[in-house]
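Assemble the whole structure, with the sequences as input and the hints as a guide.
Counting in the UniProt record's numbering, the sequence shown runs from 1 upward without gaps.
Keep in mind that a hint or two might mislead.
[Stated by the list, open to error] What follows is a list of derived Cβ distance ranges for each label pair:
id: 1; residue 1: F254; residue 2: E159; range: 48 to 56 Å
id: 2; residue 1: G161; residue 2: H55; range: 17 to 25 Å
id: 3; residue 1: K185; residue 2: G223; range: 40 to 48 Å
id: 4; residue 1: G27; residue 2: R109; range: 30 to 38 Å
id: 5; residue 1: H54; residue 2: Q84; range: 22 to 30 Å
id: 6; residue 1: E126; residue 2: Q158; range: 44 to 52 Å
id: 7; residue 1: A52; residue 2: Y189; range: 18 to 26 Å
id: 8; residue 1: R247; residue 2: H54; range: 43 to 51 Å
[Said to hold, decoys possible] Pairs of lysine-lysine, DSBU-like flavour, derived with a Cα cap of 30 Å:
id: 9; residue 1: K45; residue 2: K83
id: 10; residue 1: K185; residue 2: K83
id: 11; residue 1: K233; residue 2: K281
Derived by calculation from the structure, the hints in this document are not laboratory data. Quick reminder that beta carbons are idealized off the backbone N, C-alpha and C, glycines included.
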Amino acid sequence: MSRQTIVIIGGSGFIGRHLAAAYQADGHRVIIVSRHPASAREADKRFEYIAALHHLYDSIRPDLLINLAGASVGEGRWTAQRKQELLQSRLQPVQAVADWLHRHPQPPRLIIQASAVGYYGNGSAEGWPPCAENAPPQNVFPSQLCQQWEAAIQRVQQESGVPVAVCRFGVVLGRDGGILPQLLKPVRYCAGRPGSGEQPLPWVHMDDVVAAIRFLATQTHSGFQAYNLTAPKRTTQLDFARAAAQRLRRPLLFSVPEQMLRLMLGEQADLVLDGQFAPPKALLQQGFEFTFPTVERALDNLLN
Numbered sequence: 001m002s003r004q005t006i007v008i009i010g011g012s013g014f015i016g017r018h019l020a021a022a023y024q025a026d027g028h029r030v031i032i033v034s035r036h037p038a039s040a041r042e043a044d045k046r047f048e049y050i051a052a053l054h055h056l057y058d059s060i061r062p063d064l065l066i067n068l069a070g071a072s073v074g075e076g077r078w079t080a081q082r083k084q085e086l087l088q089s090r091l092q093p094v095q096a097v098a099d100w101l102h103r104h105p106q107p108p109r110l111i112i113q114a115s116a117v118g119y120y121g122n123g124s125a126e127g128w129p130p131c132a133e134n135a136p137p138q139n140v141f142p143s144q145l146c147q148q149w150e151a152a153i154q155r156v157q158q159e160s161g162v163p164v165a166v167c168r169f170g171v172v173l174g175r176d177g178g179i180l181p182q183l184l185k186p187v188r189y190c191a192g193r194p195g196s197g198e199q200p201l202p203w204v205h206m207d208d209v210v211a212a213i214r215f216l217a218t219q220t221h222s223g224f225q226a227y228n229l230t231a232p233k234r235t236t237q238l239d240f241a242r243a244a245a246q247r248l249r250r251p252l253l254f255s256v257p258e259q260m261l262r263l264m265l266g267e268q269a270d271l272v273l274d275g276q277f278a279p280p281k282a283l284l285q286q287g288f289e290f291t292f293p294t295v296e297r298a299l300d301n302l303l304n
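Structure below.
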């Protein structure tokens, strides 16, 4: 493959760091858009950094634009102010993409845009049925957040004509960041599961995230298409707890009561007490193969 230019918004984040490193290792030019380019460059000098898309020279034609920017829904209580911050942290980078495409003479051949399986809302009332990419959203905050996020990038696609592939990420498990330490913490204290434990945990290994994004970048796209980016085998919170406990050599003596979690987290407790089974139907149909299809195989790798 010839050397390509990859621009990553949010490239200093958890997923972005791994993705940028993979592209750079294969000899591609990686340009990271960061709000703090100087400190990002100090932390990792392998890449080029710019503070905003409009700093990209007109002579540079990115082959691929990847937008991963967005504040974590797991950090901070969901106050009205925090909800607005979460929304703006997603909409502002998309608007920056729209503004840049209006001015830049050489658009990329593809935009890959982050979203989340929270798009599908809470599935407990229906027994957590499978949510393929055409499943409807719901009127709950995580779903509303993703709906507005995706609607914004879909407008960009329609106005610019540049194809957009939306990655609806599950819970990304990796060694050097993310939510894995928080998921393992109760298991280390012999707590088995949050609530009933029957709720799905739509996880995916970081290596498969990077591989799937790079796979999608090689495919032919037109218009707007969403892809669930989760491991293919259905996994519950209890499945994860049992697999982790076995590998950490801990007994599972008790669960974390739902009432306690709701008292501690409020509305945010839905992130752990509910969930989605969002199989990666579109990815599998295109021929992508997961290295870590089961939580047991993923934890063997991550805890080794």
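Regarding R247 and H54, is the given constraint of 43 to 51 Å on their beta-carbon distance met?
holds (47 Å)
Regarding H54 and Q84, is the given constraint of 22 to 30 Å on their beta-carbon distance met?
For Q84 against H54, whose Cβ atoms are near 25 Å apart, the range 22 to 30 Å holds.
Would the pair K185 and K83 pass a check requiring their Cα atoms to be no farther apart than 30 Å?
holds (26 Å)
Hint check: K233 vs K281, CA-CA at most 30 Å. Holds or violated?
holds (11 Å)
For the pair supplied as a hint, K45 and K83, confirm whether the alpha-carbon distance does not exceed 30 Å.
violated (34 Å)
The hint says 40 to 48 Å between K185 and G223; measuring C-beta to C-beta, is that right?
holds (42 Å)
Could you see if the CB distance from E126 to Q158 stays within 44 to 52 Å?
violated (32 Å)
Kindly confirm whether 48 to 56 Å is satisfied by the beta carbon distance between F254 and E159.
Holds, since F254 and E159 (Cβ atoms, about 54 Å apart) stay within the stated range.
Can the suggested window of 18 to 26 Å be confirmed for the beta-carbon pair A52 and Y189?
violated (44 Å)
Given the hint of 30 to 38 Å, is the C-beta distance from G27 to R109 inside that range or not?
19 Å Cβ-Cβ, so the 30 to 38 Å window is violated.
For the range 17 to 25 Å, tell me whether the beta carbons of G161 and H55 fit it or not.
About 24 Å separates the Cβ atoms of G161 and H55, which means 17 to 25 Å holds.
Checked against the numbered hints listed earlier, the structure breaks hints 4, 6, 7, 9; every other hint is satisfied.
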